[in-house]
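Trainee: First to last, the protein sequences are chains A and B. The first sequence lines up with residues 1 to 83 when you count with this note's numbering. The second sequence lines up with residues 1 to 394 when you count with this note's numbering.
Take these hints with a grain of salt, some might be off.
As the list claims (entries may be wrong) - Sample of chain A residues facing chain B (criterion: CB under 8 Å; computed from the structure):
| no. | residue |
| --- | --- |
| 1 | S39 |
| 2 | I55 |
| 3 | P58 |
To be verified - From the structure, some residues in chain B lie toward chain A, with a derived Cβ separation under 8 Å:
| no. | residue |
| --- | --- |
| 4 | T75 |
| 5 | G79 |
| 6 | A134 |
| 7 | N150 |
| 8 | I152 |
| 9 | R153 |
| 10 | R155 |
| 11 | R165 |
| 12 | R168 |
| 13 | P357 |
| 14 | G362 |
What the hints assert, rightly or not - List of simulated lysine to aspartate or glutamate pairs, EDC-like, C-alpha gap at most 20 Å:
| no. | chain 1 | residue 1 | chain 2 | residue 2 |
| --- | --- | --- | --- | --- |
| 15 | A | K77 | B | D172 |
| 16 | A | K77 | B | D128 |
| 17 | B | K334 | A | D38 |
| 18 | A | K77 | B | D127 |
Note that these hints are calculated values from the structure, not bench results. The beta-carbon is built from N, C-alpha and C at its ideal position, and this holds for glycine as well.
Chain residues, written in single-letter form:
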Amino acid sequence: MNHQDVVAQLVDILTPLAEGRVTAIGEDTELTGELALDSLKVMDLVLAVEDRFDISIPINALADVRTVGDLASTIQKGLGDGV
Amino acid sequence: MKENSRLQAVQAVRQELSAIGIDPFGVQIDRILSPTEGLIDGRPTILAGTNNYLGLTFDPDCIAAAHEALETAGTGTTGSRMANGSYAGHRELELDLARFFGKRDAIVFSTGYQANLGMISALVGPDDTVMIDADSHASIYDGCRLSGANTIRFRHNDPADLAKRMRRLGADAAQALIVVEGVYSMLGDRAPLREFVEVKNAFGATLMVDEAHSMGVLGEKGRGLSEEAGMLAQVDYVVGTFSKSLGNTGGFCVGDAAELDVLRYASRPYVFTASLPPATIAATRQALRTLAAADALRQRLRDNAARLHAGLAALGFRLGAPPNAVVAVLLGDKLQALRFWDHLMKHGVYVNLMMPPATPGGESLLRCSVSAAHTPAQIDAICAAFASWSGPRA
Numbered sequence: 001m002n003h004q005d006v007v008a009q010l011v012d013i014l015t016p017l018a019e020g021r022v023t024a025i026g027e028d029t030e031l032t033g034e035l036a037l038d039s040l041k042v043m044d045l046v047l048a049v050e051d052r053f054d055i056s057i058p059i060n061a062l063a064d065v066r067t068v069g070d071l072a073s074t075i076q077k078g079l080g081d082g083v
Numbered sequence: 001m002k003e004n005s006r007l008q009a010v011q012a013v014r015q016e017l018s019a020i021g022i023d024p025f026g027v028q029i030d031r032i033l034s035p036t037e038g039l040i041d042g043r044p045t046i047l048a049g050t051n052n053y054l055g056l057t058f059d060p061d062c063i064a065a066a067h068e069a070l071e072t073a074g075t076g077t078t079g080s081r082m083a084n085g086s087y088a089g090h091r092e093l094e095l096d097l098a099r100f101f102g103k104r105d106a107i108v109f110s111t112g113y114q115a116n117l118g119m120i121s122a123l124v125g126p127d128d129t130v131m132i133d134a135d136s137h138a139s140i141y142d143g144c145r146l147s148g149a150n151t152i153r154f155r156h157n158d159p160a161d162l163a164k165r166m167r168r169l170g171a172d173a174a175q176a177l178i179v180v181e182g183v184y185s186m187l188g189d190r191a192p193l194r195e196f197v198e199v200k201n202a203f204g205a206t207l208m209v210d211e212a213h214s215m216g217v218l219g220e221k222g223r224g225l226s227e228e229a230g231m232l233a234q235v236d237y238v239v240g241t242f243s244k245s246l247g248n249t250g251g252f253c254v255g256d257a258a259e260l261d262v263l264r265y266a267s268r269p270y271v272f273t274a275s276l277p278p279a280t281i282a283a284t285r286q287a288l289r290t291l292a293a294a295d296a297l298r299q300r301l302r303d304n305a306a307r308l309h310a311g312l313a314a315l316g317f318r319l320g321a322p323p324n325a326v327v328a329v330l331l332g333d334k335l336q337a338l339r340f341w342d343h344l345m346k347h348g349v350y351v352n353l354m355m356p357p358a359t360p361g362g363e364s365l366l367r368c369s370v371s372a373a374h375t376p377a378q379i380d381a382i383c384a385a386f387a388s389w390s391g392p393r394a
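Work out the full structure, taking the sequences as your base and the hints as a guide.
Mentor: Here it is, written out as structure tokens:
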């Protein structure tokens, strides 16, 4: 799955969580900054993402995830897409 | 030094509470009157916010044991067991704990927090995987972080969700460490331990159960949920604390695995801290003897828990779990929970105010902990204080 496909699926998952705070979610949208997801919501997001892509994302792999694009790259690693 | 965003976030919450004029996180008990009563702001207050499940903090035998150790062995050990030597009591307590749980050996740590840190960080490393319940205590999260292992969360109390994540590990699943708690401290709910054991066995993994809030409370002899569920022999490691039903401070792990012989020397939270003082060891050894024979106390605790649970349910409150030593009243809104907590304090009842992110589901709650030492009249007084709240109840 290419990067843009993963980002598109993430936008689907994130749109209801954004509750209108950000109108156009994209590659560079910050999860905790612009989308204002607190640490618990990010963890719940990860559980949802894991189910959508049938992968497991270790908590320690999230340390450098700041934007939607970062999360997409982490998912691609989990999918074995060799990013 | 650059700005510390974590401290700024805490400061913002402190200022918010200060503006309201209520400080639930700085309560001082000026005088402790009994296991269930203290003097707070000059007011006699029923303590329903401790973890003194069996009420052993004033047990005369435990106090006598502590006195004797204090007189004969001094106030403290002044060092680490590995670097500065163990006292005989440290090892004797470990053997007591191993016998109590029917396991081969035990390690005593200086706190319950350190027991989880010390065990998880020594059992797994950067090439390993730990599977933890999403609602795990901070000490489990921190132990995982210290270990450097890949840490994967599964949905709270959901063995099927754990199994799904174990399958994704493939051949590595057999090397995984699974960590669950017997009773979760926020809501008082129990783990479906039999089902978790089935998952562990199906993948050949290792299971650790933290019985901090269930030791002394559950099981015929107080050996926790593992005993109550008939799963003690299947649990590889039991972790626990001395600071709840044993009425002191400290932590431990028991197990059958040969690794326990060397694990302590690879455990930084064991090695690089001072060992427990003699009076604590002596009182805990006595408390463990008392706990093992405390069938009547456990029955009183169950009766008190059922009385409080039924009383609060009859008042229309939403409760976190079936009757147990922890009875959590779910309130949702943070400000309402704060005002309710303050109302209870002014009516002479101290409970714990818990707010997100410490709580599951983003809800605020008032957490009551029941003790065998509470009288039925005290339980009724707690219910009466809740009943006097005129605000919304859910």
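Trainee: Hints first: check each against the structure and report whether it holds.
Mentor: Hints, one by one, checked against the model:
Evaluation of the A/S39 hint against chain B yields a held restraint, the C-beta minimum of about 6 Å falling below 8 Å. Given the 8 Å rule on beta carbons, the hint for A/I55 holds: about 7 Å separates it from the nearest Cβ of chain B. A distance limit of 8 Å between C-beta atoms decides the matter here; for A/P58 the minimum to chain B is near 4 Å, and the interface restraint holds. Interface restraint check: B/T75 against chain A, minimum CB-CB distance 41 Å, threshold 8 Å, status violated.
Annotation: interface hint on B/G79 violated; nearest CB of chain A at approximately 33 Å, more than 8 Å. Of the supplied interface hints, the one on B/A134 holds, with its beta-carbon coming within about 7 Å of a beta-carbon of chain A, less than 8 Å. For B/N150, the interface hint holds, since its Cβ comes within 8 Å of a Cβ in chain A; the closest pair sits about 4 Å apart. A hinted interface residue such as B/I152 counts as satisfied when its beta carbon comes closer than 8 Å to some beta carbon of chain A; here the least separation is about 5 Å, so the hint holds.
Checking B/R153 against chain A: minimum C-beta separation of about 7 Å stays under 8 Å; hint holds. A hinted interface residue such as B/R155 counts as satisfied when its beta carbon comes closer than 8 Å to some beta carbon of chain A; here the least separation is about 6 Å, so the hint holds. With 8 Å as the threshold, the beta carbon of B/R165 comes within range of chain A, its nearest partner Cβ sitting at about 5 Å, so the hint holds. The beta carbon of B/R168 is positioned within 8 Å of a beta carbon in chain A (closest approach about 5 Å), and the interface hint is therefore held.
Hint on B/P357 holds. Least Cβ distance to chain A is approximately 5 Å, under the 8 Å limit. Look at B/G362: its Cβ gets to within about 6 Å of chain A, closer than 8 Å, so that hint holds up. Note on A/K77 and B/D172: the hinted pairing holds, with a Cα-Cα distance of about 17 Å set against a maximum of 20 Å. A C-alpha spacing of about 18 Å is found between A/K77 and B/D128, which places the hinted pair at or below 20 Å, so the restraint holds.
In summary, the hint linking B/K334 to A/D38 is supported, as the alpha carbons are separated by about 16 Å, within the 20 Å threshold. For the proposed pair A/K77 and B/D127, the alpha carbon gap of about 17 Å is at most 20 Å, so the pair holds.
Against the hints set out earlier in the document, violations occur for numbers 4, 5.
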